[in-house]
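K.L.:
Single-letter residue listing:
Number of protein chains: 2
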Amino acid sequence: MLTVTFPDGSRKDFSSSVSSYDVAHSISPALAKAAMVAEVDGELIDLHAPLPERGEVVLRILAKKDPEALDVMRHSCAHVMAQAVMRLWDGVQLAFGPTTANGFYYDFDLDHSLSEEDFPLIESEMTKIIAADEPFEWLLKPRDEAIELFRGLDQQLKVEHLETGLADEPMVSFYRHGEFLDLCRGKHISSTRHIGKAFKILSVAGAYWKGDAKRQQLQRLYGTAFFDAKELAEHLRQLEEAKKRDHRVIGKQLGLFAVNPTVGSGLVLWLPKGAAIRGILEDYIKGELRRWNYETVYTPHIGRVELYEISGHYPYYSDSQFAPIDMDDGERYLLKPMNCPHHIMIYQSKLRSYRDLPVRLAEFGSVYRYEQSGEVSGMTRVRGFTQDDAHIFCTEDQVTDEFRGCIEMTQNMLAAVGMDQYRVRLGFRDRDSDKYVGNAEIWDRAEAALQKVCEEMHLPDLTIELGEAAFYGPKADFVVTDCIGREWQLGTVQLDYNLPSAMRFGLEYIGADNRPHEPVMIHRAPLGSLERFVGILIEHFAGAFPLWLAPEQIRVLTVSEKSEEYGRQVEKELRAAGFRVAGDYRSQKLGAKIREAQLELIPYMLVVGEKDREAGSVTVRDRIDGDLGPIKVADCMAKFREEVEAKRVRTAAKRGGSCSH
Amino acid sequence: MLTVTFPDGSRKDFSSSVSSYDVAHSISPALAKAAMVAEVDGELIDLHAPLPERGEVVLRILAKKDPEALDVMRHSCAHVMAQAVMRLWDGVQLAFGPTTANGFYYDFDLDHSLSEEDFPLIESEMTKIIAADEPFEWLLKPRDEAIELFRGLDQQLKVEHLETGLADEPMVSFYRHGEFLDLCRGKHISSTRHIGKAFKILSVAGAYWKGDAKRQQLQRLYGTAFFDAKELAEHLRQLEEAKKRDHRVIGKQLGLFAVNPTVGSGLVLWLPKGAAIRGILEDYIKGELRRWNYETVYTPHIGRVELYEISGHYPYYSDSQFAPIDMDDGERYLLKPMNCPHHIMIYQSKLRSYRDLPVRLAEFGSVYRYEQSGEVSGMTRVRGFTQDDAHIFCTEDQVTDEFRGCIEMTQNMLAAVGMDQYRVRLGFRDRDSDKYVGNAEIWDRAEAALQKVCEEMHLPDLTIELGEAAFYGPKADFVVTDCIGREWQLGTVQLDYNLPSAMRFGLEYIGADNRPHEPVMIHRAPLGSLERFVGILIEHFAGAFPLWLAPEQIRVLTVSEKSEEYGRQVEKELRAAGFRVAGDYRSQKLGAKIREAQLELIPYMLVVGEKDREAGSVTVRDRIDGDLGPIKVADCMAKFREEVEAKRVRTAAKRGGSCSH
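Protein chains in written order, with this note's numbering: chain B, 1 to 661; chain Z, 1001 to 1661.
No lab work stands behind these hints, which were simulated from the structure alone. Treat each hint with caution, since some may be false.
[Said to hold, decoys possible] Distance condition first, Cα-Cα at most 30 Å in a straight line; then the derived DSBU-like pairs of lysine-lysine:
{"#": "1", "chain 1": "Z", "residue 1": "Lys1562", "chain 2": "B", "residue 2": "Lys572"}
{"#": "2", "chain 1": "Z", "residue 1": "Lys1350", "chain 2": "B", "residue 2": "Lys243"}
{"#": "3", "chain 1": "Z", "residue 1": "Lys1350", "chain 2": "B", "residue 2": "Lys252"}
{"#": "4", "chain 1": "B", "residue 1": "Lys243", "chain 2": "B", "residue 2": "Lys197"}
{"#": "5", "chain 1": "B", "residue 1": "Lys286", "chain 2": "Z", "residue 2": "Lys1647"}
{"#": "6", "chain 1": "B", "residue 1": "Lys572", "chain 2": "Z", "residue 2": "Lys1252"}
{"#": "7", "chain 1": "B", "residue 1": "Lys244", "chain 2": "B", "residue 2": "Lys214"}
{"#": "8", "chain 1": "B", "residue 1": "Lys244", "chain 2": "Z", "residue 2": "Lys1230"}
{"#": "9", "chain 1": "B", "residue 1": "Lys589", "chain 2": "B", "residue 2": "Lys572"}
{"#": "10", "chain 1": "B", "residue 1": "Lys562", "chain 2": "B", "residue 2": "Lys593"}
{"#": "11", "chain 1": "B", "residue 1": "Lys286", "chain 2": "Z", "residue 2": "Lys1639"}
{"#": "12", "chain 1": "Z", "residue 1": "Lys1589", "chain 2": "Z", "residue 2": "Lys1562"}
{"#": "13", "chain 1": "B", "residue 1": "Lys350", "chain 2": "Z", "residue 2": "Lys1128"}
{"#": "14", "chain 1": "Z", "residue 1": "Lys1572", "chain 2": "B", "residue 2": "Lys286"}
{"#": "15", "chain 1": "Z", "residue 1": "Lys1252", "chain 2": "B", "residue 2": "Lys286"}
{"#": "16", "chain 1": "B", "residue 1": "Lys350", "chain 2": "Z", "residue 2": "Lys1252"}
{"#": "17", "chain 1": "B", "residue 1": "Lys33", "chain 2": "B", "residue 2": "Lys64"}
{"#": "18", "chain 1": "B", "residue 1": "Lys589", "chain 2": "B", "residue 2": "Lys639"}
{"#": "19", "chain 1": "B", "residue 1": "Lys572", "chain 2": "Z", "residue 2": "Lys1350"}
{"#": "20", "chain 1": "B", "residue 1": "Lys593", "chain 2": "Z", "residue 2": "Lys1350"}
{"#": "21", "chain 1": "Z", "residue 1": "Lys1286", "chain 2": "B", "residue 2": "Lys639"}
{"#": "22", "chain 1": "Z", "residue 1": "Lys1244", "chain 2": "B", "residue 2": "Lys350"}
{"#": "23", "chain 1": "B", "residue 1": "Lys350", "chain 2": "Z", "residue 2": "Lys1350"}
{"#": "24", "chain 1": "Z", "residue 1": "Lys1572", "chain 2": "B", "residue 2": "Lys647"}
[As the list claims (entries may be wrong)] Computed footprint of chain Z on chain B, listed as stretches where at least three residues anywhere in the stretch have a Cβ under 8 Å from a Cβ of chain Z:
{"#": "25", "segment": "274 to 282"}
{"#": "26", "segment": "302 to 311"}
{"#": "27", "segment": "318 to 325"}
{"#": "28", "segment": "367 to 373"}
{"#": "29", "segment": "617 to 626"}
It should be emphasised that the depicted structure is a prediction, and the values quoted were computed from it without experimental measurement. For every residue, glycine included, the Cβ atom is placed at its ideal position computed from N, Cα and C.
Make a model of the complete structure from these sequences and hints.
P.N.:
Here it is in structure tokens:
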């Protein structure tokens, strides 16, 4: 006999073999109809798969509203897309087809070069398959048999994967629906019908078989699907808006940054205008660091491999790191993947007393990680980036105040750039897991303290996620919502009981009791990485930076050559007052000069003609509101200064209402 | 018949075989007596070595005043020192014994552990050898015979060197004087007598045979010698003074920087106080960059090896570089040894017009070079350093103005840190050599332009050194004299006709004629490297930084606990006014607190007691001049602000007169 416990705690016994569908049906036919997939003891399972015949299980029936069900449906939709492609073109070699955060893709090797023009054809074929209501069927076969099967189907990539990637598996898992068969661990919805009509093929791109640039290039077809047509429409609108704001496109148009294949993929060159934005942010951050009594340090960009063996980052994370630098004299160095070991060496450079704590060491620390080449993109997915990093070494008693300080500092900084829509995720440990270092009592205290601080601070949409702590301590992540509703994880504050421990660096301070004690470490980076943050800012502002961040704040435009001298005088005055200003004194028509400045998203244009000269004024043109009429130069500067000091965010979108700040 | 031409252009013929000594003697016996060594056609030659019997030679007779003669005498002195050591201890194995910039050393393998106590003994033995007036004799022997000879003498290191290092040489060169014989290319003075009495053994240190850490450790005995006793005395005084100012010692005492073996040799960790100094310098430099219309950029610390193959730095300089990072996917990266290729990529990121030029790209660029482990020391000889780097891309016509700008900027910056004793070395090409790129006409124009600029600017002690240009263009180096008379090469300005050329990066701009032209590149770094510069500054100021650079400018000291509140208020006011200030409110005695602040070289101590509180004043104590009496807080701040803004350098040494600024 099988006893099934439901999420509400109710229980039901079954004496014959049943599937999750049967169980749902036994409760109500409506529930069975709405069911998409099930979760048994925390693991996803196909709706029609048999449950154990005896014992106890906890069962969740997942319907369209559950995110897990959406992901399973998208996986099924990927199979349907692959089937449609195979029906439409001959000789298609199947590669892999997983889901992503917002949809799915499938990689193919085929002679026909897929393009947007093919998408309606594929979608229409998919519609037919969905309407045919084909059930998804699970099969398990010996590996040898699977190889023979795919040989027969002339699916060479599948054969190769079975012979190499899956060489250690005696049995392999398949899914079939209609004539389509694929190696697949699942899970899937019960029938193609449940995919519905809210799906869309989005784009096609190149990808290598198993990410290996030495192998053939495949075609990767991206798509997405929702249970609800409105959700699909909203997603497509967001994609459309995101495309317009793509920081890679705007970054190139405005000359903010460049990535050059000769320098290397994922390695950002900050062009003068982008570097100006970064410099302004760095100066602002430095001011915050002073205000919060941090001390600045500088450390090298490499360290001996031994340093990372002590920290435990080598060889444990070597997959995502640049390879070591091997010297002839036997020395081995690693390009630093994080700054903490170097800051720890600075903490250890002298004996610390409890009176010295907290020690707060800050650095704009450039770190390097070897992201997979397919993952690298613009400024947001890079191989080298600079963190607004700091490490705090403090006593147990100071943890609460320091944590609060880090949260407040992050809030201030996000507010300063107009990103006031965010939520905080507290990552706590899974109490049943043994992967965490440090004793349970300290964890309990730390988690309770963090939660208390966050609640006292009335952080918006605070969530606690169990099992999401780092293995070395609990943490708080800031998830920011941008202008078009996308979420980005930015700042992080993490407690660390691991690196200070005797197993790692064995940090100490001499307490009031004159005995050595172990400090707690806090890792924190309010913006995360400057590359990623500026990339997100470019998209958030669609390149139209607020006055305090704009690389060129003001441009002086002359009506005619007669006013050049006066124009240059105005430019000089503004520069002397600390503004970032340029002048356009060419003999072009004023309209053309304004258009150019407008395209470059310069916040203010100061038009100067002979009348302006006589009046000691300028005719101000606002990037957003257009002509503001003549204003005395001194008043102008006061206005600009006030706007800079308030760090005011004024965007065209605000007037339209789609942007919330 | 041999025709000898002298430096003054006069000529003399000799029909029989003569040595340089004979020639000198034929002119005047006094000249022969003063002669130390000779130079024939630009090559050094022993005074008694025979000249060719026929043909023409240019001959310089070198006397004690010539630097080359001093170097040769020191080499002879090293042999004498080795001889003395062999006389004093049994079983001495000789390694190598070259001269250095300021003296010489010799490496020995011997059981006795040499120490300072042995120096007088060795010196006294050397005095005997010198008095014995032993002539230096040159010998040339077949390598096989040389091996047998050293085997007989049981000199195993020499045997090994003959069998490995010199394996390709059929004949090898020796020098002998008295019983001492060594493998040596020379040259030497004619007799030990000319060494005189102005020599000194300085120190002993460990060194590896052939620099190989896997081989046995040797003892390296350092010494120096001068022709003039006064020069030796001055040198010893300078060494003594330098020892007191050693930036490695002061840097540790004041907590400015640390080097940690786990991070790596030659990799500097800037501790908070050192980082504060660097930060102040960087802010100052940024101000200068804005004033001179530079644009700031940021670039990654690595680049693909291909980038350095194009620049020609790889594999050409690979001996002094960190090894490449070899990735599994076939990509190879180099830790950047210089910033120019990255800045060139930024120049090339868009099409440039003559109207855009000059483009001036600046960056605090961290670069990495693998100095030999024996050469690495403190902050001045490191493996990673940050240059105050910039590259200017300009037209031929702009070279003069840009060069002048770079020189002026360097002058301003050196003046700001009180280093106003410097000379400029212009490095021009050797017209007879073919190692230079670019055509002769451009070189002539460039050299003439640089010389004209330097002369117009009345640069102090301007020297032109032929053959000292980089292979890619002429350059100007700033050689600074510090407080105790030592010279340091700091800033450099270099023209470059190589990297922009079609053979390298093929840089272009579109000229007024609408056709592509090649820009000229200028590499310039006014301070050179921040690590080295700050290291030198520490020694220059003996750690007592002027007010504008001091990491902690002011310390508030309370007379008793009663005045703590007032002290904290003063501290807060000063901090709000932008000063770097700390407070010492401990219940220690005032005298102890003053002593501590004085040892930490804090420029100003503000003592506060109850009387001060009542009067709204502080009792100012100057690090140099001591008690200045009570001063109103506002007046104090005005005084400090004026001193900071003037970047005034006030040192105790100034009053003593030994420091010239």
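K.L.:
Now tell me if each hint is right for this structure.
P.N.:
Here is what the structure says about each hint:
no., hint, result
1, Z:Lys1562 x B:Lys572, "violated (53 Å)"
2, Z:Lys1350 x B:Lys243, "holds (23 Å)"
3, Z:Lys1350 x B:Lys252, "holds (10 Å)"
4, B:Lys243 x B:Lys197, "holds (24 Å)"
5, B:Lys286 x Z:Lys1647, "holds (23 Å)"
6, B:Lys572 x Z:Lys1252, "violated (46 Å)"
7, B:Lys244 x B:Lys214, "violated (34 Å)"
8, B:Lys244 x Z:Lys1230, "violated (77 Å)"
9, B:Lys589 x B:Lys572, "holds (23 Å)"
10, B:Lys562 x B:Lys593, "holds (16 Å)"
11, B:Lys286 x Z:Lys1639, "holds (26 Å)"
12, Z:Lys1589 x Z:Lys1562, "holds (13 Å)"
13, B:Lys350 x Z:Lys1128, "violated (50 Å)"
14, Z:Lys1572 x B:Lys286, "holds (19 Å)"
15, Z:Lys1252 x B:Lys286, "holds (26 Å)"
16, B:Lys350 x Z:Lys1252, "holds (10 Å)"
17, B:Lys33 x B:Lys64, "holds (11 Å)"
18, B:Lys589 x B:Lys639, "holds (28 Å)"
19, B:Lys572 x Z:Lys1350, "holds (28 Å)"
20, B:Lys593 x Z:Lys1350, "holds (21 Å)"
21, Z:Lys1286 x B:Lys639, "holds (26 Å)"
22, Z:Lys1244 x B:Lys350, "holds (22 Å)"
23, B:Lys350 x Z:Lys1350, "violated (49 Å)"
24, Z:Lys1572 x B:Lys647, "holds (26 Å)"
25, 274 to 282, "holds (count 4)"
26, 302 to 311, "holds (count 6)"
27, 318 to 325, "holds (count 4)"
28, 367 to 373, "holds (count 3)"
29, 617 to 626, "violated (count 0)"
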